[in-house]
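Asker: Fit chains B, C and D to the supplied structure of chain A, relying on the hints for placement.
Protein chains: 4
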Amino acid sequence: MTSGADVAVLGASGFAGALAARLIDRHPFFELEAITSRSDAGRRLDELYPHHRVEMVLDAYDVDELGAIDAAIVAYPHGAAAPVVAELHERGVKVVDLSADFRLRDVATYEANYVEHPHPELIAEAVYGLPERYRDAIARASIVACPGCFPTAAVLALGPLSADHVVIDAKTGVSGAGRAATEKTHFVSVDENIKPYGVGTHRHTPEIEQELGVPVTFVAHLVPIDQGELVTCYVETDDDVRALLEEAYADEPFIEVVDTPPGVRDVRETNFCRIHAWQDGRRAIVFAAIDNLWKGTASQAVQNLNLMFGRPETEGLL
Amino acid sequence: MTSGADVAVLGASGFAGALAARLIDRHPFFELEAITSRSDAGRRLDELYPHHRVEMVLDAYDVDELGAIDAAIVAYPHGAAAPVVAELHERGVKVVDLSADFRLRDVATYEANYVEHPHPELIAEAVYGLPERYRDAIARASIVACPGCFPTAAVLALGPLSADHVVIDAKTGVSGAGRAATEKTHFVSVDENIKPYGVGTHRHTPEIEQELGVPVTFVAHLVPIDQGELVTCYVETDDDVRALLEEAYADEPFIEVVDTPPGVRDVRETNFCRIHAWQDGRRAIVFAAIDNLWKGTASQAVQNLNLMFGRPETEGLL
Amino acid sequence: MTSGADVAVLGASGFAGALAARLIDRHPFFELEAITSRSDAGRRLDELYPHHRVEMVLDAYDVDELGAIDAAIVAYPHGAAAPVVAELHERGVKVVDLSADFRLRDVATYEANYVEHPHPELIAEAVYGLPERYRDAIARASIVACPGCFPTAAVLALGPLSADHVVIDAKTGVSGAGRAATEKTHFVSVDENIKPYGVGTHRHTPEIEQELGVPVTFVAHLVPIDQGELVTCYVETDDDVRALLEEAYADEPFIEVVDTPPGVRDVRETNFCRIHAWQDGRRAIVFAAIDNLWKGTASQAVQNLNLMFGRPETEGLL
Amino acid sequence: MTSGADVAVLGASGFAGALAARLIDRHPFFELEAITSRSDAGRRLDELYPHHRVEMVLDAYDVDELGAIDAAIVAYPHGAAAPVVAELHERGVKVVDLSADFRLRDVATYEANYVEHPHPELIAEAVYGLPERYRDAIARASIVACPGCFPTAAVLALGPLSADHVVIDAKTGVSGAGRAATEKTHFVSVDENIKPYGVGTHRHTPEIEQELGVPVTFVAHLVPIDQGELVTCYVETDDDVRALLEEAYADEPFIEVVDTPPGVRDVRETNFCRIHAWQDGRRAIVFAAIDNLWKGTASQAVQNLNLMFGRPETEGLL
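Residue numbers (my numbering), protein chains in the order written: chain A, 277 to 594; chain B, 277 to 594; chain C, 277 to 594; chain D, 277 to 594.
These are computed hints drawn from the structure, not numbers from a lab.
Worth double-checking, as some hints may not be accurate.
Since the list gives no way to pick one copy over another, a pair counts as held whenever it fits inside one copy or between any two copies.
Derived lysine to any residue pairs resembling SDA-like cross-links, with alpha carbons at most 25 Å apart [to be verified]: (1) Lys-460 with Asp-316; (2) Lys-460 with Thr-477; (3) Lys-460 with Leu-324; (4) Lys-460 with Arg-479; (5) Lys-460 with Glu-523; (6) Lys-460 with Gly-355.
The following block holds chain A by itself, in its conformation from the complex:
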């Protein structure tokens, strides 16, 4: 293949969209054709994010002016993404959607946790974009629903096991809360703090349960770092956890099963997920560390795009 594929990133002024734009901009195969933003149209992306060094102007979104793109990464809020995904899908554009709109296969579960679904008819078209589980389907998909950051880590940690009494204690950096300036994201609120949130109501719970097939108790905690996420998963199981994980991930380019508990610095600004298991009889603890903006969102989107276009899965990501 000679000329690559043209990609637009919609919603590129947010943390995840901006990183996706940078990864596409430097990708050997994909061309960054357009970036859009509702709030910052007219500004250059490197004004907002100098360190990404993407010297392109943000446009207001207009599907008719996007030009001839082959694919899009959609970084819109939940509910706002689906109509755009539908519009692009109709035009034959392959889509990786970062929102939750097409992650849950059950409409009722989606609507109980989010909003009325704008395009339930497309749910069946979408593939859950965790390459380590759905690689082949992703390669054939026209819509890929990129997993949430916590489900990415939790499902990679526990997916290979049969377990029950599942408790998932997650800790994450502040970029996961998005670019909006709120009391919650104010430096003085976060600094020197450790704070649980979304207790009993976090919308990533049904997503994890869908993939694991068992009920889980899930709590997220905000800690004073910008990027990075650790899930500590406590389960009861009859499996040999370490052996199952090593077998499952033996050939995975981005999954590292390691001998000691990982820190999130180990995977900072990478697409890697580092996993460690401890076991004592039926009790097991599985740790998984990712960068919430990379493997948890934007670089996983590019990993999915690579698959969708028949590229080497690691292209542009090492």
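Answerer: Structure of chains B, C and D alone, referenced to chain A:
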């Protein structure tokens, strides 16, 4: 006097006002009579600031409902403070104003840097609230204009000297930027960053120049801490800097002239200012570290109140 | 009693000992009579910890030169504490020991987790120093074993319940790792990191199990803050958790059962423990936030001393 | 050229050496042939620095076992580097030295600030490795002395100007203090702190003065970030500062002259230096932000290597 004095803190939902409320609440002499807030009336202060543990409800400000208070600390934005100060002054209430409204003795300078002055006739009534310079006048004052945080540190560092070619490089924590959630105060903007701001235009410059009587070049930098402020002052002088500082502050309860450069941790959550001088011929460097919310704002307000009511200057502050 | 009691702090150059020295130094009843350090004898404590402002010289420890003290806080490493405690006990000095040496009632459990016990005969003399559980016994004790920081939070969270399948996920600041400069405490190792440690082997586990009477799965995580600790406790129970906690702690001066999940900033530099419970049928999650150096160590030591000397329990701690 | 050049990194277990190893490991032209360490020989580099993902074992240094290398990056402490540089130079290996051993052209100045120089005869061979000033000489050099991190930023900021009364106020992250675990690098010492160091004695001062040709007053400050460095340079000058900077750096691939004061996040993990100038008559302030481990050390070493081997200057660095 037997039964103490009743104090209100107006604008107690901001960082400085809330700390002032806590300090008054625990003060052996003063009674916290009322706290007000425009944005958070009806909420308890310990909802907003659990660690201060002030179990009092914020009221909307109404001078007629404040009750019989003897003094007020006004923590309003610049321009909004003066009318309230005037109203209280007229009723015979002693006021410590945390805003810039009465710091600058020259109305034109104030108006060039801030807004049209709502009550220029009261400027002459106000005393600049740096106890180490104006102790006696403060004791007799009915309006005290609490210095800005940078002027507090810079004037304490350089006030005793005759110097020229004055450069003041300040570094401060994020609480100095206030409670408003903005892009500037978002955790992800501040974390792992060092960033200059207000270059050439910072409104604390004329305040410092008023007190020092010489032109200064001043730049502030934001660093990822919540509280704390260091000024590094580069000057040329014929003085023996160390000797002058030690003499000036020999009897000061809150000024520590020390042998090594101070870190801001040394004075965290205290009313102390720690000063160190280095000199090589005419070149001298004077460092001063304070907590910007304490000596830089709220605890200095209480130090002033102590003087205004004839109390021991350190009462409630050690 | 008129003139107070004289207290020594042994091992005052560490984080916990230094804070204990400061709290005693400012205490209305206790007099700080001596501070000792093996590594820093001859230095003033405020050289090491300027912000504590304790202007006293550290001595090498010599029980015969301690003078006539009424009580001691011993902040020695595990194994090194017991001989000193024994020596002081023999002389009739009341002791609060911050080490693990007298926390575990079962010698074999102690020796399996620590070292050979130097003074097993004194274990029966010692009372576990969690005032909310053993207030009366502490008041009569001559040796109090101050709990570990994690057990303090975990036992306060779960003590009032009957629960099983207990998982305790703890997050703590770096001061808990002590003053030793190691790769683990290097700023660059901690900053922007979240890292589990002591997985499956943490020595606070048997201490928690002793108090709760059930097996627990416990993991600690290091996060980039200096002070503060949160335990997230996942249990299965038939109890009405919230009701039990409120009943248990209705009259406790330092325990706050609150409506929303606490952050560790809420209790920073205080002796408070803030607890919140969430429940859905048999599944319950109990959060407890403390300052690991305060309620987790040094201020709890003073709370114990207050009890041992018949003082108001909150004296010097509000 | 077809087959690239073989490079060894000596002293690869330190922060700078490890990053240099990673950059060479991923470089399109250079091959990482060997990495050495005195303290960690036998360990894999990705054990020490997982996030660099260099899967190579550290050897003890033995010049006879290094194999046929074309170049070496030497990341040894001052004084220890020169003998190794001499040994490699004698064997015809091109060397980029990260230490101060060959930066100062005047032996006496070196010896007054460091130690007795082990190989003064080689000083004349060495070129000061700031490509933006000495590009042509570097291309012909066999020994390149990589500048200190502060001199890199300060000389890039002020080199194009004629100025006097030069004050350089630098702020840096903790990685600049190296990997050694000390009280200074302990998380609790750094966190929530801002602290000056090396006042009046910092050894980067003569290096800056050598390049600028005027006396400078220089102070460094440690702030709680891991990587990043900002110099705020206060000068008096008759030049049009902005115009001179823009002219000097118009064609530089790594120097960005920008409209607003830079934050260090803007250049994090890059070889860029971002510069901004403010001027009011003769008073000017020039800001320069770099990543102290990248442009300040390791990536600048690679930039120099690129020049020495006739490669595109940006190869492996964008």
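Asker: Hints first: check each against the structure and report whether it holds.
Answerer: Each hint, compared with the structure:
1. Lys-460 with Asp-316: Both. Shortest intra-copy (22 Å) and inter-copy (16 Å) distances satisfy the 25 Å Cα cut-off.
2. Lys-460 with Thr-477: Answer is within; shortest intra-copy Cα gap is 17 Å, inter-copy 30 Å.
3. Lys-460 with Leu-324: Cα proximity of Lys-460 and Leu-324: in one copy and across copies (21 Å, 12 Å).
4. Lys-460 with Arg-479: Only inside one copy: Lys-460 and Arg-479 sit 18 Å apart there, 29 Å across copies, limit 25 Å.
5. Lys-460 with Glu-523: neither (41 Å within a copy, 31 Å between copies)
6. Lys-460 with Gly-355: The answer is within: 22 Å in one copy meets 25 Å, while 28 Å across copies does not.
Against the hints set out earlier in the document, a violation occurs for number 5 only.
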